[in-house]
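Got two chains here, each in a separate frame; can you build the complex from them with the hints?
Spelled out, the chains give:
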Amino acid sequence: MDLGTFLVQCLNAVQYGLLLFLVASGLTLIFGIMGVINLAHGSFYMIGAYLAFSLAPLFGDRFIVMLLAGVVLTALLGYVLEWAFFSYLYQRDHLQQVLMTYGLILVFEELRSILVGNDVHGVPLPAWLGGSFALGDLMSYPWYRIFASLACVVVALGLYYVVNRTRLGMMIRAGASNRDMVRGLGIDIRRLYRIVFAAGVALGALAGMIAAPMSSVYPNMGASVLIICFVVVVIGGIGSITGALVAALLVGFVDTFGKVFFAELSGVGIYVLMAIILIWRPEGLMGRKT
Amino acid sequence: MSAVLAPMPVETNRMNRIFSTLLPIGCAALLAVAGPMLGAYGTDFVVKVMILSIFALSLQLLVGMTGLVSLGHAAFYGIGAYATVLASGKEGGSIAWLLPLAMASAAGYALVVGALSLRTRGVYFIMVTLAFAQMAFFVFHDTGLGGGSDGIYMYVRPVLGALDMENRLTQFYVVLAALVFTYGLLALIGRSRFGAALAGIRVNEQRMRAAGFPVYGYKLAAFVIAGALAGLAGFLLAARDGVVNPELLSWHNSGDVLLMIILGGLGHLRGAVIGAVVFTVLKEVLSTQAFVGPLADHWQLTLGLAIIAFVALLPKGIIGLAARLSPRAA
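Top line first, the protein sequences correspond to chains A and B. With my numbering applied, the first sequence has no gaps in its numbers, which climb one by one up to 437 at the end. With my numbering applied, the second sequence has no gaps in its numbers, which climb one by one up to 1429 at the end.
It should be emphasised that the hints constitute simulated quantities derived from the structure, not laboratory data. Ideal Cβ placement from N, Cα and C applies to all residues, glycine included.
Simulated restraints on C-beta separations:
#1 Pro1135/B - Ser234/A: 47 to 57 angstroms
#2 Ala410/A - Leu1121/B: 51 to 61 angstroms
#3 Leu215/A - Gly1243/B: 42 to 52 angstroms
#4 Leu1268/B - Ala231/A: 43 to 53 angstroms
In silico contact screen, one side only, chain B against chain A (beta carbon under 8 angstroms); selected entries:
#5 Val1168
#6 Ile1225
#7 Phe1237
#8 Val1238
#9 Leu1400
Excised from the complex, chain B in its bound form (with noise of 0.2 angstroms):
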């Protein structure tokens, strides 16, 4: 806690505010260079990826800016997906309304299992959220509604305009603005009054209150932003993959996801989307034969103890073992 509160040399500061901004611009502007050049197998694992991370940073809105721990993400993910699929019918539909229709769905669920959930705190708010995530997997599980276990598919991709989904290049591209679009957003939040007031939340929820700010608005209003850009995130893969089923709004998702941004670091945005990266890449790496040899079949275990490895000796994620071997940050 000492080390969140103590002050900052105002060179190291600037230096951190320089270098938190330019890296991911340098990082999306390399990625938007390269994007013709990464070839089928590339693309789509960095669409992949990229459509994890606009799930992690909606998450880490929550868990590592607010301090809600949400083990139910999954579900706003799914909803965005699957409005996404059912809306566009037999004919397709125009991103210009498929979008805005499957970021609301999943804010709109966002906004009924928040108002609920955020009634209570800490390990009941953890055990609240993975229920209603669970409620909203049965509803698309067990009524005809999506299909039931089996999913739906998608018979036309969103279009806008020259902006075809089917395309990999124009998904790439829609992918990452999308991408930049989240990152940049959340970084406005984080240095807006707003973010400022969910820090305050996080690190002292009682002081908060007696200040005077109406602490369950402002825990709402980060909820119902978070789901927004989880269905965002569902919107995108629907359109990447052309199907959908109950699996996304699975609670192993969920578990996942939280996985992603602890893996990284919590509390940072860079982190959401290196934990994302890492995840993914853990996760094809423990489950492909060439580097692991039998134990593929078996990568649940190996990817359950590394977790538990992680857990351990890394609680700070991976950031926090970056500063912690820099000398400047000790």
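The following block holds chain A by itself, in its conformation from the complex (with noise of 0.2 angstroms):
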């Protein structure tokens, strides 16, 4: 492997690595603050994918904006969601999370095919991300990846931002450890949990909305996100996001060498990455022991 190749491939992984955080840290926001595990997340990312196919032609060129619009529609649609089915299940237990939550991927399937169809579609990259740059004598590497890439790491600064030195932070961290306590404050928990599923939501169709150009869009496209996202946060540490950054880069470059040096094997390798990280430290890399 020359060092273009090299250099391409690391790029590569750093980019998938980044996405998957940013589909993880909506996963593990949720899991970590209201203690829900949300098997409809891989449909959120799938939501965002097809929304991105359905903007695009309106909005063109304007790709951000684009990107802004579909965030802002996607976060009402999780704050809907919360209010119409996720309010139930903090009182349950997980069993009842996962079937919940495994009826609504149905849901969102179902209705997906019947709005859009079955088939695989392409999602046109915005004229001005659209070329590559050289890198070494041989390779190249597309700007949109770069894009991809630097928008993961705005949104991660962003959400570093938002839950350790803002208000709102403070509340979502207080009300994370300790649910009864603030709202004995005088804090309204049930609107902050509204605004994290929201926010939750936003997260994983950003990273659908962000990746459609690159993978394009199909059925089911959520499912294996999601498995893979699970992987992440398992590695990383239930509720760290810091965890799930670092767990998600560790998975990008293992998926990504993986498919370089054992094509075939590639699926497992990644898995055999978290079953080394479970004989290891069972509470992943940053999580606390239980």
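Okay, structure coming up:
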């Protein structure tokens, strides 16, 4: 493997890892704060991707405006879903959360099939992000993937800022560690949950929108991402955003280089990684011991 | 919780015990008599439901009896089925060694997955079992081992002396016998010291550990037995269908079987069977044009909505509904 190929693969790994982080952060945010295991999170990724597919012709080159519009729409969707379904799940055990969110997946997939159909669709790149730049003598790398990585970094920094530096973030962290005390202090915990859930949905959907021009949109795209995100969350440690970042990058590298070296068995690599972590640190890299 | 811990009146308890012993025996006897009268479609449908019942029963041991929510149980089912087809080769094979092989393969993978995933608990455990099942799915889906995404066909169905799984009625009685065996085994486990320890782990794992029970070992044993029984269901499925494909291991299958036992009622053996019956019938009805009209093409939508409504309205399953309706249990 020459240097150019190596660099390209590294960039791919980072980009894939950052994208996974974006999806996983939504998942871990919802779980860490509300204690709900959300199987439908992959569906939000799928919804984001299909949203990009439907909005792209309307927005044309104003790609970033489209992303923002998508974030607003999916956050609204999350707000409504929390009110209609998830707010009933907090007191229930994990089993019922699994079931209800499983039911939601079926509903979302079928609605997708009714509204858009079952064909694979490409999503056009905005013209200003279309080109690629040279890397080494033979290789080139598309600008869009750099944009995708940067967008994920910006969101991650924003997330860090909101959670650690703002009043809302303080309430979120307090709500995660002691729900009753927060309520006792006069904070409307249900509204807080609704906001967090909406943000989690928007994060998943944003990842889907960013991924859509690279991966195209196809049925059941949510499920595979969901399961890889579970691996990320298990490796990183539940509820830890930093852990999710480290784990996502790790999974990105193992998956990308697994595809280079062991093409046929590449799907297995990340699970082997997860097995090793489970033997070594069952609570995850950054998880607290239970 | 208080309902579980409150001592039941002795009379009800004994009635319940007699009821829960006689009912399954009665049902099995009824099926054994009715077998030849069911017709081609009928037997085929009942065989399918019975195989799913075995699969659901095996998961009941984990979820209902031990409190371990596994979302990757289809892996063991699929591995049992694949082992059967792969080992029978072009000449076919005898049930006498294909069946133990299928169960052992599933149990072997369950041993590895269980040993790793039982290091975690709760929501972690759900995710890890799902992920390892997906790994098995990828092995069969992406490599040439099992014919890739198309799956593989079985050349000759398993036989044992005069028993030939090619024959519809033989199939029916072999599957019925396997169902009775599974049900009986799990009923025995439920009444054994081992079963009592599993129930203790479900209710309060800390206390069991403090009492000196090797909790991890007990849970692993339950996981492996459940895997082996799922492998039994997989063997029967392969023998019935004569074909396997990676979809058997898909997480939709794991979700469906979890749904069955919750639908029926957690912690009751008959709940798993009731759930398998109701789920299969429900799916059949929702995807048949004659019953639901044009909605039949969108059965996933109606099934999904039914699941959501069910979680909202019937958290204790159909058995819970029956208990609520009968004044005796009130």
